[in-house]
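Below, each chain spelled out in residue letters.
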Amino acid sequence: MFLDSDLLLSALRALTPILLAALGGAICERAGVFNIGLEGMMLMGCFTAVATSWFTGSAWLGVLAAALAAGAYSLILAVGAVTLRGDAVVLGVAMNLLAVGLTGFLLRTVFGVQGTFDDPSLAGLPLVGGFTPLTYLSWAAVAVAAVLLSRHVWGLRLRGVGEAPDAAATLGVSPVKYKYGAILTSGVLCGLAGAQLALGNVTLFTENMTAGRGWIAVVAVMLGRAAPVGVLLAALLFGLAEAAGFRLQGLGLPQQATDAAPYVVTLGALFLTTARRRRRIRPSGAAS
Amino acid sequence: MNPARITGALRSPVTFSVLAGVVIGALFLVGTGADPITAYEAVLTGALGADGIGSTLTTTTSVLGMGLALAIPLRARLINLGGDGQMVLGGITAAVTGLYAPLPAPLTVVLALVAGMVAGAAYAALAALCENHLGVPLLVSSLLLSYPAVSLASYLARYPLKEPGSSLPQTRAIPDGVALPAFGDSTVTVGLVLVALAAAAYWFTDRRTAIGYEIRMTGLNARFSAYAGVERRGLTLKLMSVSGALAGLVGAIGVLSFPYRFVDGSLTAPGYTWTGLTAALLAMAAPVGTVISSFFFAVLQVGGLAMERTTEVPRELTQVLQAIVIVFLAARLRFPGRRLNRRKEAV
Chain A
260 MFLDSDLLLS ALRALTPILL AALGGAICER AGVFNIGLEG MMLMGCFTAV
310 ATSWFTGSAW LGVLAAALAA GAYSLILAVG AVTLRGDAVV LGVAMNLLAV
360 GLTGFLLRTV FGVQGTFDDP SLAGLPLVGG FTPLTYLSWA AVAVAAVLLS
410 RHVWGLRLRG VGEAPDAAAT LGVSPVKYKY GAILTSGVLC GLAGAQLALG
460 NVTLFTENMT AGRGWIAVVA VMLGRAAPVG VLLAALLFGL AEAAGFRLQG
510 LGLPQQATDA APYVVTLGAL FLTTARRRRR IRPSGAAS
Chain B
17 MNPARITGAL RSPVTFSVLA GVVIGALFLV GTGADPITAY EAVLTGALGA
67 DGIGSTLTTT TSVLGMGLAL AIPLRARLIN LGGDGQMVLG GITAAVTGLY
117 APLPAPLTVV LALVAGMVAG AAYAALAALC ENHLGVPLLV SSLLLSYPAV
167 SLASYLARYP LKEPGSSLPQ TRAIPDGVAL PAFGDSTVTV GLVLVALAAA
217 AYWFTDRRTA IGYEIRMTGL NARFSAYAGV ERRGLTLKLM SVSGALAGLV
267 GAIGVLSFPY RFVDGSLTAP GYTWTGLTAA LLAMAAPVGT VISSFFFAVL
317 QVGGLAMERT TEVPRELTQV LQAIVIVFLA ARLRFPGRRL NRRKEAV
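First to last, the sequence lines map onto chains A and B.
Going by our numbering, the first sequence opens with residue 260, and the numbers climb by one from there.
Going by our numbering, the second sequence opens with residue 17, and the numbers climb by one from there.
Please note: incorrect hints may appear among the correct ones.
[To be verified] To be clear about the criterion: a stretch of chain A counts as covered by chain B if any three or more of its residues have a C-beta under 8 Å from a C-beta of chain B, and this derived list gives those stretches:
#1 345-355
#2 381-394
#3 507-520
#4 525-531
Because the hints were derived from the structure by calculation, they are not lab data.
Don't be surprised by glycine CBs; every beta carbon is placed ideally from N, CA and C.
Please model the entire structure based on the sequences and the hints provided.
This is the structure:
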């Protein structure tokens, strides 16, 4: 049978990194920061996770280091877009480029290899019930983010900062602090996403291994209207497309068709949902 | 140029960003134990010396082509992130035309160039239609459309169009004579002239025509220009079509010069799209600036290889340097002292 529990399991595995990154993106979106640097932050997380796990022998230290490194990396966006009022879109594009260059450079200077670093003794994350602990953490994060955003005073203030920064500032809520918080949170979540990708889904580092997942996360934020549960459903759609793609490859379809599947499905889903509510979405991809 | 303009240019964010990139790059070089002066010297001599200049000009052809392709929509503050897909479709279309068109060789070359441009333009127009009529932001629609296009071209080069007996994912070589004429025995072809003409046309349109004014006005203030009667959707469609046509042209030029065939990955691997985007951003999409910054990045890209040979520092450093320049530029950092200057003027 085509739709079985195996497919669902592999869909859930493909889902985790995208979900973590997309949650970060959703939090930024709510705080009024258009974060398209998710891909780059995730890639920094991948490299840091693999390098730390390799040198310390502990996958958990790898996860911790990935979260810290990607959090630190996200400061570029925070300082650039919030403090210096630069263009968030251009900063995001530049951060993605910088991450590709930096990880490629470090791969060659630290490990002395080009392309892929892969070693049997590289410690990966343990599996608990078929998933890594980070997968369970990602589900918990959805619940926590949903409650915080809708019920907690932090969430209300964060949304206030995103929707009406001047009004929030008048009420004594510092937009700068909340925006920094949102961007740093997204950085940490992207770091975890990268760790899951490089120490969970596989146990290796390849140049540009995020391969557009950060962009899919950006789309998941739009599809899910920046609500944690909506983002979960949107990311699940992508996970299913990726898992179904792998399955079809087993049935003899060329790899290129399955590579393209997630993007086509995502685009199709965007068409279907935005056609109905297109007036509510930002009218252009250009920076404001 | 009067002195005020010169000091202004020196203090501009562009100068600051480039210098910051060079300084941080030097720190990286010191960190890896290399001598920055030797390394940068290797970049320059490697890219501009007798052995490297041909390679630099060939790279300039692609980088400038993509730089223009991305600068033209950027002038109206539209970002086309689908350059890879448009370029690759242009390349594979040109390869198919070159292989199968039953025309004399010179006509086939022209037809292949035109077909490549049309393919790129049509695909980019699709992204514009997604924004105009389906409400998917251009940034996202152009990027998402790019992946399936790259996959499709890769599939075509690996299966239906694959050169029989070859172990490489490439099409058959296009027939003898179906190629852009090269200058002497270098790898520099007429493609460079075509891209230079495109740059000149962009400069003329930007400076001297009504549509160029509309584009710049939209870039400066989209709401004002809409109020003044600029039809936004039509403009998006036009700009994306031109952008895609140029990206397709770069792909077609890549196929119609050495190695005279479509090789999977050979167009996307050097990262012309991203280098072109960086160049366009650095120049803030201005025509002359895009030409200068494209050449600058082509020098870095080719010189990076020479630097790797002499100092054993990975050439990825040049990519880091490029990105750092744009990070600083986007953060709008500039040299301090502007305020002081203004106060003096006030007195």
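Hint check:
Note: the region 345-355 of chain A has 8 residues with beta-carbon separation from chain B under 8 Å; the three-residue rule is met and the coverage holds. Under a criterion of three residues with beta carbons nearer than 8 Å to beta carbons of chain B, the stated coverage of the region 381-394 of chain A fails, only 0 such residues being counted. Taking a C-beta to C-beta cut-off of 8 Å, the region 507-520 of chain A contributes 5 residues in contact with chain B, enough for the three needed, and the coverage statement holds. Here's how the region 525-531 of chain A fares: 4 of its residues keep a CB closer than 8 Å to some CB of chain B, so the rule of at least three is met and the hint holds.
Checked against the numbered hints above, the structure breaks only hint 2 and satisfies the rest.
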